[in-house]
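Number of protein chains: 2
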Amino acid sequence: MKITLKKLDLFAAINTAGRAVSVKTTMPILQCLLINADDNGVSITANDMELAIETKISAEKCSVLENGTIAVEAKLFSDIIRKISFEDAADVTITSDGTLVEITSESSLFRIQEKDPEQFPELPQMREGHRLTVSQFTLKEVIKNTIFSIAANDSNKMMTGELFEVRGNNLRVIALDGHRIAIVNTELREEYESVNAIIPGKTLSDISKIIEGSADRDVEICFDDNYVSFSFDDTIMVSRLIDGDFFKIDSMLSNDYLTKITVNKRELLNSVERSSILISESDKKPLIFKLEDDSLNLRVNSPTGYLDDVLRVEKGGKDIMIAFNPKFLLDALRAIDDEKVDLYMTTSKAPCFIRDENKKYIYLILPVNFNPSAY
Amino acid sequence: MKITLKKLDLFAAINTAGRAVSVKTTMPILQCLLINADDNGVSITANDMELAIETKISAEKCSVLENGTIAVEAKLFSDIIRKISFEDAADVTITSDGTLVEITSESSLFRIQEKDPEQFPELPQMREGHRLTVSQFTLKEVIKNTIFSIAANDSNKMMTGELFEVRGNNLRVIALDGHRIAIVNTELREEYESVNAIIPGKTLSDISKIIEGSADRDVEICFDDNYVSFSFDDTIMVSRLIDGDFFKIDSMLSNDYLTKITVNKRELLNSVERSSILISESDKKPLIFKLEDDSLNLRVNSPTGYLDDVLRVEKGGKDIMIAFNPKFLLDALRAIDDEKVDLYMTTSKAPCFIRDENKKYIYLILPVNFNPSAY
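In the order they appear, the protein sequences are chains A and B.
For the first sequence, the numbering used here assigns the number 818 to the initial residue and increments by one for each residue that follows.
For the second sequence, the numbering used here assigns the number 818 to the initial residue and increments by one for each residue that follows.
Just so you know, these hints were derived from the structure itself, not from any lab.
There is no bait here: all hints are sound.
Chain copies aren't distinguished; within one or between two, either way the pair holds.
List of simulated lysine-lysine pairs, BS3-like, C-alpha gap at most 27 Å:
1. Lys974 to Lys1101
2. Lys1157 to Lys900
3. Lys1082 to Lys1166
4. Lys1101 to Lys932
5. Lys900 to Lys1107
6. Lys892 to Lys1144
Next comes chain A alone, as it looks inside the complex (with noise of 0.2 Å):
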């Protein structure tokens, strides 16, 4: 193999490949990425077994002058291009013996050990599934505002993944954990046939930090029964998806309440925020919403100290005094960029909800327990 590119076309596709690269694992292969170069240009292509990244540099932006397929070990490539030259125009030439590769840029040489390449795992094959077309800014926006409520750890593998749930016209994206719910619903350009897919966390994390976000630029999705496939610009992601059957949320999410409080968002977060100073996940004290007529005070009474603090808020229907883990406030909060938003309550113990008016983002989050009698 032999090729000459730009240092900044190769250095941004090692990067987008890159995710894929294995961290931890026993098969040294999967830390590699594989570079193959031919008529169509150089494709670089990373897979660490549950996701799988190729992107490609088309053969107007680099010069093949011979075809071929290497592995390289991916940071140790990945270090070297960052450093060959400080000029993200200059040229790199990357040649392989079959034994050693010689990546060579100005008057820089460097010469590495390349790896198997057919050790290499391919590329899943997807079978024909549905399709489905968002802006990179929709699909940003809606693992963004969801993603952290999936789980943290994986002691029920489904709640380590989001349900994508296409009905219609309608994107419903749903993260859960066992304390909470986020749901965010975005209307689509089009009619597309039913789809029911749980993509994993780590999968749309990786997707929302490559893309980068236009919302003139589109990502093609496709599904089949075990894999989904995410297509843009030059690359291409596939990723196992989780298999089962997702958790029945509608039961859940009654439209009945007792209590509604609409409340300026950035003072409620900042209230929010400052409670958790005083809450250690040790002691698990709660942060308690005691609401009296137009006025809701926040309190914490906790081993490393006490908070009271006080905002207006409109109220409609009756007081109430509820418990929360701060943290799952502070995560919807800080997802909706509303300048208002309206809480929905019914008792102590029941969920209260955060929703807008059309539903476009829900937030459930179970309250806890607490000695009323403290506060």
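Please arrange chain B on chain A, whose structure you already have, making use of the hints.
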């Protein structure tokens, strides 16, 4: 005690004094801030027994309603002040009843435990000693350009500090770790009495983070036999000195050489950075300089890979082949602002000097052993 002051002033003072809060200690009082209020205003002090910092908020900037002294846990207090209001100009009121401290701002009220201020260690009392005035800019520069050469571990206590040596109107600052020496000479505004003081590296690194570094603002440095103090703005830092006589280095600073090269600093730095990719702490392979006529080859041959980098240089004297730990070259080159640097060498066993014509800076680096046949 009862005081009211602006969040901004209070938070800035906490941040400054906070650098002397003990991170790891068996004495909980060393993790506290001491807050004193009297007719002169408010002072905030931290003291980890090596370094003490006291910073004042003058009476014009605060209102002292009741004099007093309290001690509070530094991290908690700092978190509370950071979050209690999002307005820098917000008034914060601190009230103590001898057991609990109440901190209020706008509609927020925090209550935390006080610690016993009697247990808080007093600021060291310095005896009359030598004084020296430099700009904040100068102090920050001399520290930045030498501090990387102190030893990382304290198997030799002396190597964890820097010698501040005053002779007439010259300040010479020296740091060394057994493999290299960094020396910076600075002309002072006037003549001073001679000083030889070894200041702990941690003190220097703390002060260079606290001072703004303006050329228009001064730092007054006082030395007695055991302590050094730095006074600037509304703050005084007092640090223990390292006891003993510093290494005699003058006999090592020979002006003789057999080879001198002049090279573009940025290009040399880039090449040395490139070489670092292939050199790991574990295999300890060296970076080879192979100088022939006006061309300098930088070569590495390690288990990770091979590098050959060529630089154009201006050469005076003999050709030479010499080997280095690239880290020492990197540190020195990154500290130098000049466009070109001069390197002086004698043999492959003798130290290499990087110095400017006026010897404002001198970096001595010991070469390492290598096997010439491998390059």
